[in-house]
Amino acid sequence: MYVLTGLKMKNPTILAAGILGTTGASLCRVALEGGANAVVTKSIGCMPKKGHPNPSIIQLDCGFLNAMGLPNPSYQGFLQELKIAKKDSGVPVIASIFGGNVVEFMEVAEGLLPGKPDAFELNVSCPHSEGYGAAVGSNPCLVEAITAAVKDVVNVPVWVKLTPNVSDITSIGTAAESGGADAVVAINTLKGMAIDIESGYPILGNRSGGLSGKAVKPVAVKCIYDLYATLKIPVIGVGGVSCWQDAVEMMMAGAAAVQVGSAVYERIDIFSEINTGIKAFLQRKSYSDVKKLIGLSHEMV
Amino acid sequence: MLPLNATILQITEESHSVRTFFFDLHFETMEPGQFVMVWGRGVNEVPMGLSRINSITVLKVGETTSKLFELKEGDSFGLRGPFGRGFSLPSENEKILIIAGGVGAAPLSPYAEAAYAVGSEVHTILGARSADELIFEKRFLGAGKVYISTDDGSKGIKGFVTDVLKGLDLSAYDKIAICGKELMMVSVFRLIKDRKVLEKAEFSLHRYFKCGIGICGSCCIDRSGFRVCKEGPVFSGMQLLDSEFGRYERDASGRRVQI
Ligand SMILES: Cc1cc2nc3c(=O)[nH]c(=O)nc-3n(C[C@H](O)[C@H](O)[C@H](O)COP(=O)(O)OP(=O)(O)OC[C@H]3O[C@@H](n4cnc5c(N)ncnc54)[C@H](O)[C@@H]3O)c2cc1C
Ligand SMILES: Cc1cc2nc3c(=O)[nH]c(=O)nc-3n(C[C@H](O)[C@H](O)[C@H](O)COP(=O)(O)O)c2cc1C
Ligand code: FES
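Each protein sequence line maps, in turn, to chains A and B.
Counting in numbering that gives the first Met the number 0, the first sequence runs from 0 upward without gaps.
Counting in numbering that gives the first Met the number 0, the second sequence runs from 0 upward without gaps.
None of these hints come from the bench; they were simulated from the model.
Careful, some of the hints might be misleading.
Straight-line alpha carbon distances no greater than 20 Å define the calculated EDC-like cross-link-like pairs of lysine to aspartate or glutamate that follow [to be verified]:
hint: 1; chain 1: B; residue 1: K229; chain 2: A; residue 2: E32
hint: 2; chain 1: A; residue 1: K291; chain 2: A; residue 2: D225
hint: 3; chain 1: B; residue 1: K71; chain 2: A; residue 2: E197
hint: 4; chain 1: A; residue 1: K86; chain 2: B; residue 2: D241
hint: 5; chain 1: A; residue 1: K49; chain 2: B; residue 2: E62
hint: 6; chain 1: A; residue 1: K82; chain 2: B; residue 2: D221
hint: 7; chain 1: A; residue 1: K86; chain 2: A; residue 2: D117
hint: 8; chain 1: A; residue 1: K86; chain 2: B; residue 2: D221
hint: 9; chain 1: A; residue 1: K49; chain 2: B; residue 2: D250
hint: 10; chain 1: A; residue 1: K150; chain 2: A; residue 2: E106
hint: 11; chain 1: A; residue 1: K49; chain 2: B; residue 2: E112
hint: 12; chain 1: B; residue 1: K137; chain 2: B; residue 2: E112
hint: 13; chain 1: A; residue 1: K85; chain 2: B; residue 2: D221
hint: 14; chain 1: B; residue 1: K229; chain 2: A; residue 2: E265
hint: 15; chain 1: A; residue 1: K82; chain 2: B; residue 2: E120
hint: 16; chain 1: A; residue 1: K86; chain 2: B; residue 2: E243
hint: 17; chain 1: A; residue 1: K82; chain 2: B; residue 2: D241
hint: 18; chain 1: B; residue 1: K229; chain 2: A; residue 2: D195
hint: 19; chain 1: B; residue 1: K144; chain 2: B; residue 2: E120
hint: 20; chain 1: A; residue 1: K86; chain 2: A; residue 2: E143
hint: 21; chain 1: A; residue 1: K82; chain 2: B; residue 2: E62
hint: 22; chain 1: B; residue 1: K199; chain 2: B; residue 2: D168
hint: 23; chain 1: A; residue 1: K150; chain 2: A; residue 2: E109
hint: 24; chain 1: B; residue 1: K144; chain 2: B; residue 2: D168
hint: 25; chain 1: B; residue 1: K66; chain 2: A; residue 2: D195
hint: 26; chain 1: B; residue 1: K66; chain 2: A; residue 2: E197
Working from the sequences, and respecting the hints, build out all of it.
Structure follows, in structure tokens:
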């Protein structure tokens with residue numbers, strides 16, 4: 000058994016926010032069929048939102064570009080999905096929420112409490128939704144205030160998801176910690192864009208969006224490494240993990256657990272595969288516990 | 000994949016509100032029932048079944064499809080695909096029944112032709128609101144026998160595809176393939192289930208697609224959590240038992256709306 004901010008998990012692999020996280024049934028599927036040991040929901044807000052026009056996701060050689068635009072059915076609409084995930088997934092369910100200001104974050108968190116999420120993840124890091132996400136998440140004062148406000152109204156752990164689209168991610172991580180965050184999650188997508196050269200049109204409906212998948216892993220590893228060195232609270236790693244080796248690398252950089260997003264596209268059971276791979280690695284290297292990997296590279300000087 | 004550039008070679012008018020766009024790409028590996036994401040540049044990107052390896056057939060319903068209707072031969076749009084799971088092809092000597100309502104005939108017409116090509120016996124029930132909205136009648140006729148139903152009785156029997164279906168001996172068929180409006184499909188589903196041949200049937204579902212490749216989750220159905228864009232759009236009747244099919248779907252925001 001592995002304990003992360005009080006949540007009991009069999010293994011430290013978690014479904015990342017926004018991937019197959021819109022319905023209770025799909026979250027259950029990722030847990031039961033995929034072997035995810037905890038699942039994070041799609042980011043939920045105050046009002047129903049359709050999101051940006053399509054194309055909202057495209058696959059590149061090195062990953063994915065997306066500009067979903069935070070589509071969500073509002074907390075009222077999502078409550079029934081959260082309840083299904085809680086009832087049938089058999090794993091901790093973390094509610095990802097977003098808002099434009101402190102009051103909106105509090106409203107959504109309180110609105111989802113009846114669904115009994117095991118934790119909240121504050122999305123202060125979406126790179127392509129005006130007024131939300133990264134617009135909030137690049138301001139340390141706001142991040143601290145939002146974290147503190149949500150901590151005040153909920154009685155479960157609060158994770159804060161950080162954007163890499165800032166000059167110093169540790170200052171935002173420190174703000175979250177000061178606000179009382181139980182963990183930080185790094186990283187959300189990196190700003191990116193692709194253009195259709197036949198027509199000159201930017202491909203994404205929102206013109207630009209966020210990069211995820213294989214291409215962002217080195218960026219994520221560096222962010223996690225720096226956050227681990229700076230913060231006392233756990234750092235949850237996410238960004239470009241697509242095999243057990245990637246997960247081990249992230250843990251050595253300092254990740255207390257690893258989220259997987261884009262790679263779920265290829266195979267839903269990637270979580271089981273990573274868990275098995277880590278177990279075999281621990282055995283081969285004679286590590287007594289997966290916790291021995293966390294931050295290991297910091298000692299190698 | 001990035002959207003491929005598809006240049007329109009020819010446009011044919013199938014009815015006053017349905018057009019086929021032939022383009023210069025050939026999806027040789029296409030399974031009938033698979034779809035492509037059609038990107039009207041500067042407008043939106045929407046899913047469309049392939050009506051041939053080099054065509055889509057579009058019913059004008061809203062903004063994106065209206066913009067597609069403004070395109071002329073020589074113009075182009077973006078295409079990603081083919082994606083998803085198509086209809087399972089029959090083998091030689093098998094007898095199949097196709098049930099196509101309205102523009103549901105688009106992905107089923109290449110299925111009829113592929114089935115005919117392998118030597119199976121093809122029967123089609125083709126339904127539409129009126130005679131002038133029947134699509135691909137000739138293509139289905141080329142593959143085998145065709146029963147027609149129109150809501151207004153302007154051709155074939157007056158009524159719905161289910162009125163034809165009621166009169167057929169379903170035990171004679173090895174496979175049944177269905178595509179059309181969900182209300183039509185669900186009445187077919189009930190009838191086929193009552194006749195205890197649901198395991199022979201495959202339905203092509205329509206849900207709101209964003210990514211089209213199985214990553215975002217906007218098209219997932221209850222209670223299985225299947226992605227219509229990836230495990231579907233074609234599902235066996237058995238997969239749809241105890242599901243949301245015929246009851247509700249989700250809109251672009253993920254809110255449930257009644258069918
Ligand atoms: C697998 C699949 C295959 C399809 N094949 C065909 C086909 O061969 N021919 C055809 O004419 N139509 C087909 N459709 C339906 C087609 O995608 C919609 O008619 C089209 O998206 C309408 O767009 P619009 O902007 O013109 O209409 P809007 O005014 O935007 O919407 C009208 C209706 O179209 C549907 N729709 C809109 N956007 C989407 C979307 N991104 N994904 C799914 N549905 C949407 C919704 O049900 C909506 O209520 C298919 C749909 C799916 C899921
Ligand atoms: C399609 C898609 C939707 C996403 N939606 C959200 C979201 O709603 N909230 C959020 O915090 N992150 C969202 N993300 C970011 C992921 O959770 C993750 O941080 C990022 O994709 C990097 O991880 P990966 O490379 O494993 O995908 C989304 C990513 C993708 C690809
Ligand atoms: S449309 Fe994104 S998963 Fe199906």
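Verification of the hints:
{"no.": "1", "hint": "K229(B) / E32(A)", "in the structure": "holds (16 Å)"}
{"no.": "2", "hint": "K291(A) / D225(A)", "in the structure": "holds (18 Å)"}
{"no.": "3", "hint": "K71(B) / E197(A)", "in the structure": "holds (17 Å)"}
{"no.": "4", "hint": "K86(A) / D241(B)", "in the structure": "holds (18 Å)"}
{"no.": "5", "hint": "K49(A) / E62(B)", "in the structure": "holds (15 Å)"}
{"no.": "6", "hint": "K82(A) / D221(B)", "in the structure": "holds (14 Å)"}
{"no.": "7", "hint": "K86(A) / D117(A)", "in the structure": "holds (12 Å)"}
{"no.": "8", "hint": "K86(A) / D221(B)", "in the structure": "holds (15 Å)"}
{"no.": "9", "hint": "K49(A) / D250(B)", "in the structure": "holds (8 Å)"}
{"no.": "10", "hint": "K150(A) / E106(A)", "in the structure": "holds (12 Å)"}
{"no.": "11", "hint": "K49(A) / E112(B)", "in the structure": "violated (38 Å)"}
{"no.": "12", "hint": "K137(B) / E112(B)", "in the structure": "holds (11 Å)"}
{"no.": "13", "hint": "K85(A) / D221(B)", "in the structure": "holds (15 Å)"}
{"no.": "14", "hint": "K229(B) / E265(A)", "in the structure": "holds (11 Å)"}
{"no.": "15", "hint": "K82(A) / E120(B)", "in the structure": "violated (48 Å)"}
{"no.": "16", "hint": "K86(A) / E243(B)", "in the structure": "holds (18 Å)"}
{"no.": "17", "hint": "K82(A) / D241(B)", "in the structure": "holds (19 Å)"}
{"no.": "18", "hint": "K229(B) / D195(A)", "in the structure": "violated (25 Å)"}
{"no.": "19", "hint": "K144(B) / E120(B)", "in the structure": "holds (9 Å)"}
{"no.": "20", "hint": "K86(A) / E143(A)", "in the structure": "violated (32 Å)"}
{"no.": "21", "hint": "K82(A) / E62(B)", "in the structure": "violated (36 Å)"}
{"no.": "22", "hint": "K199(B) / D168(B)", "in the structure": "holds (13 Å)"}
{"no.": "23", "hint": "K150(A) / E109(A)", "in the structure": "holds (11 Å)"}
{"no.": "24", "hint": "K144(B) / D168(B)", "in the structure": "holds (15 Å)"}
{"no.": "25", "hint": "K66(B) / D195(A)", "in the structure": "holds (19 Å)"}
{"no.": "26", "hint": "K66(B) / E197(A)", "in the structure": "holds (19 Å)"}
Violated hints for the displayed structure, listed by number in ascending order: 11, 15, 18, 20, 21.
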